[in-house]
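Student: Sequence lines, in order, name chains A and B.
The opening residue of the first sequence carries number 1 in our numbering; numbering runs sequentially from there.
The opening residue of the second sequence carries number 1 in our numbering; numbering runs sequentially from there.
If you are wondering where the hints come from, they were derived from the structure by calculation, not from laboratory data.
A hint or two may mislead.
Said to hold, decoys possible - So the derived list for chain A, only partly shown, Cβ under 8 Å to chain B, looks like this:
(1) Q28
(2) S31
(3) G283
(4) R286
(5) G305
(6) R332
Ideal Cβ positions, reconstructed from N, Cα and C, are used throughout, including at glycine.
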Amino acid sequence: MKRTPLYEAHLRLGGRMVEFAGFALPLQYTSIVEEHLAVRRGAGLFDVSHMGEFWVRGEEALAFLQWATANDAARLKVGRAQYSMLPNERGGVVDDIYLYRLGEVEYLMVVNAANIAKDFAHLKALAEGFRVELVDRSEATALLALQGPKAASLLQGLTEEDLSQRRKNDVFRAQVAGRPALLARTGYTGEDGFELFLAPEDAEAVFLALVERGAKPCGLGARDTLRLEAGFPLYGHELTDTTNPLCTPWAWVVKKEKDFFGKEAMLAAPCREKLVGLVLETGIPREGYPVLSGERPVGRVTSGGYSPLLEKGIALAYVEEGVEEPFFVAVRGKPVRASLSPLPFVPLK
Amino acid sequence: MDIPKDRFYTKTHEWALPEGDTVLVGITDYAQDALGDVVYVELPEVGRKVEKGEAVAVVESVKTASDIYAPVAGEVVEVNLALEKTPELINQDPYGEGWIFRLRPLDMTHLDDLLDADGYQEALESEA
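Excised from the complex, chain A in its bound form:
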């Protein structure tokens, strides 16, 4: 199992280590619910060094990214970031990604840990014929996510950069606790916050400095409940290589007015199912549980769990197009009433 640069720090802080995408990472330190609420009400700190980082440089970097990604990379000014997807040739998704424009012809792409090798091979093949250089720096990059309404004020105590001048999706270089960092006002919890790209040797000092100032260390458990409550997709669950993103609430990512790899297949594929948010009357839905209309199975839960803010079971599920409420989720075989919910499941800023 691979270790992140923070492995020793996780053990010292009492992290319960589990395997995720080949990495040993903390599931939780104290309690998933406590860590979840720290991010919604204060500031939580995650080690997300397992994520992949690709640098894309060169004269035709933009042209290449326009071809390889579904969102409109041309809208990105230097110092800005956007959520995007890598479409495949069959109308599905290779991965969902975050794209950061660092310079005129320099971009950073952050990808899911489980997809690093697949994504890099896919991008390498697409890059043929473009004057562009692709470098996988995943192993040489540590990544922390400081998230929550108090993230900015907490981080401000460790940097001279005026963070009040930085908007959501800004990316910039700054010193944090005396270490050089690439900072982005991004994250995947539905809260304000920052992601800090660091050299592996600087990661522990910055992590501990943030904890010292009051950031609560948070594990993968809270990361998942937060993204679920925020109604964000997780690759391998809501998005897969056979999911048409146009049939999801994240269809806005796909900019049909531009050309991109796989566009025709994506536009041609009909939507037979739609993704919905469900709130259960009782019980906790889990991945794979059937969704019923009456007694008829009409779909399945792709991500399910507990919402600490609603104090209820919530799920993202695919259901047949055209089927309307009432829905039920079969919880260990017993149908439980589930009402449709807008996404996010809870009001977020």
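Using the hints provided, position chain B relative to the given structure of chain A.
Tutor: Only chain B this time, still in chain A's reference frame:
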């Protein structure tokens, strides 16, 4: 891990505390700690007859669902309704307020087949 000496244990981490001709059943401190935040408990119906080792209740934590097994054969005579509103009692007080159901065993001597506190301690150590 706290393992009170006044009761019996199973290898599947239930405890059974004799009270008159009934036993209270819950999960151990070790089990609640391993599960993490308990957020939902599915309780059995009162009057249900159960076999030893039958799944009787379900404890759901944020991360997983876990079956709770009957330590001995018998009839469910009471359930802890407080868990419907406050399932976290299982984390806060696993050996007390966090009890799950009360059984009337077919035969109280069946309890002698269960582990005592030392036996459970050993089972935990061999599991680790």
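Student: Could you run down the list of hints and mark each one as holding or not?
Tutor: Hints versus structure:
1. Q28: Given a least distance of 6 Å, the restraint on Q28/A holds.
2. S31: It holds, given that the least Cβ distance between S31/A and chain B is near 5 Å, below 8 Å.
3. G283: This hint holds: G283/A lies near chain B, its Cβ roughly 6 Å from the closest one there, short of 8 Å.
4. R286: 7 Å, holds
5. G305: With Cβ-Cβ at 7 Å, under 8 Å, it holds.
6. R332: At 7 Å from the nearest chain B Cβ, R332/A passes the 8 Å test, so the hint holds.
Taken one by one, the earlier hints all hold for this structure without exception.
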